[in-house]
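Colleague: If you read the protein sequences in the order shown, they are chains X and H.
Counting in our numbering, the first sequence runs from 302 upward without gaps.
Counting in our numbering, the second sequence runs from 302 upward without gaps.
Since the hints were derived computationally from the structure, they do not count as laboratory data.
Each hint should be verified, as a subset may be incorrect.
One copy or two, it doesn't matter: identical chains are merged, so the pair holds either way.
[To be verified] When the alpha-carbon atoms are kept at most 27 Å apart in a straight line, the in silico DSSO-like pairs for lysine-lysine are as follows:
#	residue 1	residue 2
1	K312	K413
2	K595	K316
3	K566	K533
4	K479	K595
5	K566	K413
6	K566	K586
7	K566	K479
8	K479	K348
9	K413	K595
10	K316	K586
11	K566	K595
12	K312	K533
13	K533	K348
14	K595	K312
15	K312	K586
16	K312	K479
17	K413	K586
18	K316	K566
19	K348	K566
The residues making up each chain are set out below.
Number of protein chains: 2
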Amino acid sequence: MPTENLEYPTKPYSKVNRYDVRGKRNAARTLTVHQTNRKGKATYALKTIHELVNTCPILHVSFNLPDSPFPMMLPMIGQMGSFARPSSDIGDVLELYLHGYVSSRLINLSRKKSGSKGDDLSSGNSTDAPETQGLPITVGASHIDGLVLSLTPNSHSYNYRSAVLFGHAEVVTDVEEKLWAMELITNSVVRDRYRNTRVPPNNAEMQSTSVLRVRIAAGSAKLRSGMPSDEKGDLEDAALLDRVWTGVVPVHYTFGNPLPGPYNKLANPPAYLDEFVRESNLGAKDVALEAATKVMKPKAKRED
Amino acid sequence: MPTENLEYPTKPYSKVNRYDVRGKRNAARTLTVHQTNRKGKATYALKTIHELVNTCPILHVSFNLPDSPFPMMLPMIGQMGSFARPSSDIGDVLELYLHGYVSSRLINLSRKKSGSKGDDLSSGNSTDAPETQGLPITVGASHIDGLVLSLTPNSHSYNYRSAVLFGHAEVVTDVEEKLWAMELITNSVVRDRYRNTRVPPNNAEMQSTSVLRVRIAAGSAKLRSGMPSDEKGDLEDAALLDRVWTGVVPVHYTFGNPLPGPYNKLANPPAYLDEFVRESNLGAKDVALEAATKVMKPKAKRED
Chain X
302 MPTENLEYPT
312 KPYSKVNRYD
322 VRGKRNAART
332 LTVHQTNRKG
342 KATYALKTIH
352 ELVNTCPILH
362 VSFNLPDSPF
372 PMMLPMIGQM
382 GSFARPSSDI
392 GDVLELYLHG
402 YVSSRLINLS
412 RKKSGSKGDD
422 LSSGNSTDAP
432 ETQGLPITVG
442 ASHIDGLVLS
452 LTPNSHSYNY
462 RSAVLFGHAE
472 VVTDVEEKLW
482 AMELITNSVV
492 RDRYRNTRVP
502 PNNAEMQSTS
512 VLRVRIAAGS
522 AKLRSGMPSD
532 EKGDLEDAAL
542 LDRVWTGVVP
552 VHYTFGNPLP
562 GPYNKLANPP
572 AYLDEFVRES
582 NLGAKDVALE
592 AATKVMKPKA
602 KRED
Chain H
302 MPTENLEYPT
312 KPYSKVNRYD
322 VRGKRNAART
332 LTVHQTNRKG
342 KATYALKTIH
352 ELVNTCPILH
362 VSFNLPDSPF
372 PMMLPMIGQM
382 GSFARPSSDI
392 GDVLELYLHG
402 YVSSRLINLS
412 RKKSGSKGDD
422 LSSGNSTDAP
432 ETQGLPITVG
442 ASHIDGLVLS
452 LTPNSHSYNY
462 RSAVLFGHAE
472 VVTDVEEKLW
482 AMELITNSVV
492 RDRYRNTRVP
502 PNNAEMQSTS
512 VLRVRIAAGS
522 AKLRSGMPSD
532 EKGDLEDAAL
542 LDRVWTGVVP
552 VHYTFGNPLP
562 GPYNKLANPP
572 AYLDEFVRES
582 NLGAKDVALE
592 AATKVMKPKA
602 KRED
C-alpha cells in the first residue's frame, strides 16, 4: 500500500463528528463561529496529520494529573519522526518527539508510567491494554488560514487546519536517540540550525534535558477552506447582500528580519537563516491565499 | 484593591514551575527548545491572562470523556467577559464564553454536568466541592513572538506568551446571555462585525448553536521575551561567537487584504474591516519587535 494512503484507526475518542455537506445531520464544527459552515472535511490520513504537526510552531499537550480534576495543558515544541527509520516519509508510521525539562510534571509522570501497564490515570482503557505503556497524552496542532466573513454571525468561520494525536509518552533513555531527536527538534525551529551551533550538547545539557517519545494510538484532523457559505434565505435578501461585505481575510504567520543579539559578532544573518525566513514567509502567504480561493474536496471515504 | 492587581489563586494543578533566574533550582521551561533560557516569568494576574485569551484566535480546550484514556482536545473560539457586569475591566473577575455546536461531545457533557455536583470525571476534586458544578475543562491560549537563536541548541527558545485557565463549563440557557455572548465572540473575530451582519440570529440558528460559560477556578501564564542567553563557557569561546549568528527572528500573525467572496456585492471592504486589518497588523508587528528587544522584569512576588 502506498504510504500516502495510510490512515489512523478511528477510535471512539478520535472520531471527528462528521461534516454534513447536505445540512441534514448534526456535526461538530467547533471552529465555525456559529454553525452553518459546510466546507470542512475530516481526515485520518497520516500524511496530512503529520504535516500539520511538523509545521505547527506550538503544540498544545494535555494529560491528566492524579490529583487534579482538570487536564493539564502545556505549550511544547515537537516533531514527528522515526529513529529506527530516519528516512521515513512524512506519511509513514512515525513517533512524536517532544522536548521537556527534567523536572517538569509531564516528564516525571512519563518516567513513572514507563514500564507500568494497565493503570492509566483515566478509566476506560481496558480495551487498549497493549497500548497502555507510557503516559496517555493528547496533542493538538492548529493553523489558522483565514477569517471567513459571511452574511450572518452563525455562518462566520475560520479557514483552519487542526490535528489531534492521541498516544503514550515515554522518556527517551537511549543517548543516540536523544541526540537524534534534539537535532530533529532544533532544525524544526530553523531549518539546518543544529549543525550551525555548538554541538553536541555537553553532559550538563544532556542531563538537564529530557525528550519524550509518544507512540501514537490514533489521530484525526479537521480542515476548512474556501469562501463563505450562507443559507438560501439570506442569499435571496438583496438588501442584505447590498449591506454586508462577505469574503475571506487571509491569515498567516510572518517572520520579521532577524535582529542580532547583544553578543552576536556576525555582520549579517547567515544564508540558511535568510533563506528560511524568506521561503517560510512566501509559503505561509501562499497557503492562506490558496485556502481562501480553493475549496478542498471532501473525500467520500471516512465521511460517514 | 485596584483591579489590575487581582491574581488567580495558585492551586497544585495551576502552579507554574518557577523560572530560576539564578540557575540554582530546577524549572519547567517547556517552550525553550532545550533548557537554559533564563528570561521567562510566570504570572497569575487576571489582566495578563485575560488579555492573552481574548487576543488568541484559537483556544485549545481539553476535557475528559468517561470512556477514553486520553483527554479530548478541541480548537475553539472564545472570549472572556461578564454578562452580569458588561462594562467590567479586562482585569476583573470574568467568565470565559466558548462557542459550540449543539451535538458536540463537549456541549453534551457540559449539559449533563450542569446541576450535578461532586462527581467529576477525574479523581481528586473532593476539596473543591463548591466549584464542581459543570464540566471541568482546561483552556490554553498561546502566542509566539519570536524565534530565539542562541549559541547552543539547548539555549534556543521562543519568545512567547501562554495562558492556561481551569474552570467548569455549563451550557448557557438564558436567551439574553446567549445573544450577548454571540455578539462578544463574533466581534472578537473582527471588531464591530456583529452589527454589520444579519442579526439577530433566527430560531434555527439559536437552537443549533450552544454557548458554554466557563466559571474560572484558577489560571496562570508564562511569558518569555528578550534576546538569547547563553552559558558563560560558551560566551567565552571566541571561535564559537565568530561562527554562530545569535539573535531573535520576530514572529507575528499577518492579515492579508480582504478577498471578496462569490456573492459579495460591495465594491470595497468597509472601513471598519480595513481599519481592523491595518491596526491588527501594526499591533502584531510591534508586539513581536518589543518582545525581542525589551526583557520583561520578573516580579519578585509569586516567583517562589
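Colleague: Would you mind marking each hint as holding or not holding in the structure?
Modeller: Hints, verified against the model:
When the C-alpha separation of K312 and K413 is checked against a cutoff of 27 Å, the pair qualifies both within a copy, at 26 Å, and between copies, at 22 Å. Proximity of K595 and K316 under a CA criterion of 27 Å is satisfied intra-copy only: 26 Å inside one chain copy versus 44 Å between copies. In this assembly of identical chains, K566 and K533 lie within 27 Å of each other by CA distance solely across copies; the values are 16 Å between and 63 Å within a copy. In this homomeric assembly, K479 and K595 never come within 27 Å of each other (Cα to Cα): the closest approach is 41 Å inside a single copy and 34 Å across copies.
Proximity of K566 to K413 under the C-alpha cut-off of 27 Å is found in neither arrangement, the shortest distances being 44 Å within a copy and 61 Å between copies. Taking CA atoms no more than 27 Å apart as the test, K566 paired with K586 passes between copies only; the shortest distance there is 26 Å, against 32 Å inside one copy. In the homo-oligomer, the alpha carbons of K566 and K479 never lie at most 27 Å apart, since the shortest distance is 30 Å inside one protomer and 57 Å across protomers. Proximity of K479 to K348 under the C-alpha cut-off of 27 Å is restricted to the intra-copy arrangement: shortest distance 24 Å within a copy versus 39 Å between copies.
Within a single copy, K413 and K595 get their C-alpha atoms no closer than 47 Å, and across copies no closer than 40 Å, so neither meets the 27 Å cut-off. Taking the shortest Cα distances, K316 and K586 never come within 27 Å of each other, neither inside one copy (31 Å) nor across copies (38 Å). With identical chains, the CA atoms of K566 and K595 are at most 27 Å apart between copies only, with a shortest distance of 20 Å across copies and 46 Å within one. Proximity of K312 and K533 under a CA criterion of 27 Å is satisfied in neither setting, with 36 Å inside one chain copy and 50 Å between copies.
Neither within a single protomer nor between protomers do K533 and K348 lie at most 27 Å apart by alpha-carbon distance, with minima of 36 Å and 43 Å respectively. Taking the shortest alpha-carbon separations for K595 and K312, neither the intra-copy value of 30 Å nor the inter-copy value of 47 Å comes in at or below 27 Å. Proximity of K312 to K586 under the C-alpha cut-off of 27 Å is found in neither arrangement, the shortest distances being 35 Å within a copy and 42 Å between copies. For the homomeric pair K312 and K479, neither the shortest alpha-carbon distance inside one copy (30 Å) nor that between copies (33 Å) is at most 27 Å.
With identical chains, the CA atoms of K413 and K586 are never at most 27 Å apart, being 44 Å at best within one copy and 43 Å at best between copies. In this homomeric assembly, K316 and K566 never come within 27 Å of each other (Cα to Cα): the closest approach is 52 Å inside a single copy and 39 Å across copies. With identical chains, the CA atoms of K348 and K566 are never at most 27 Å apart, being 41 Å at best within one copy and 39 Å at best between copies.
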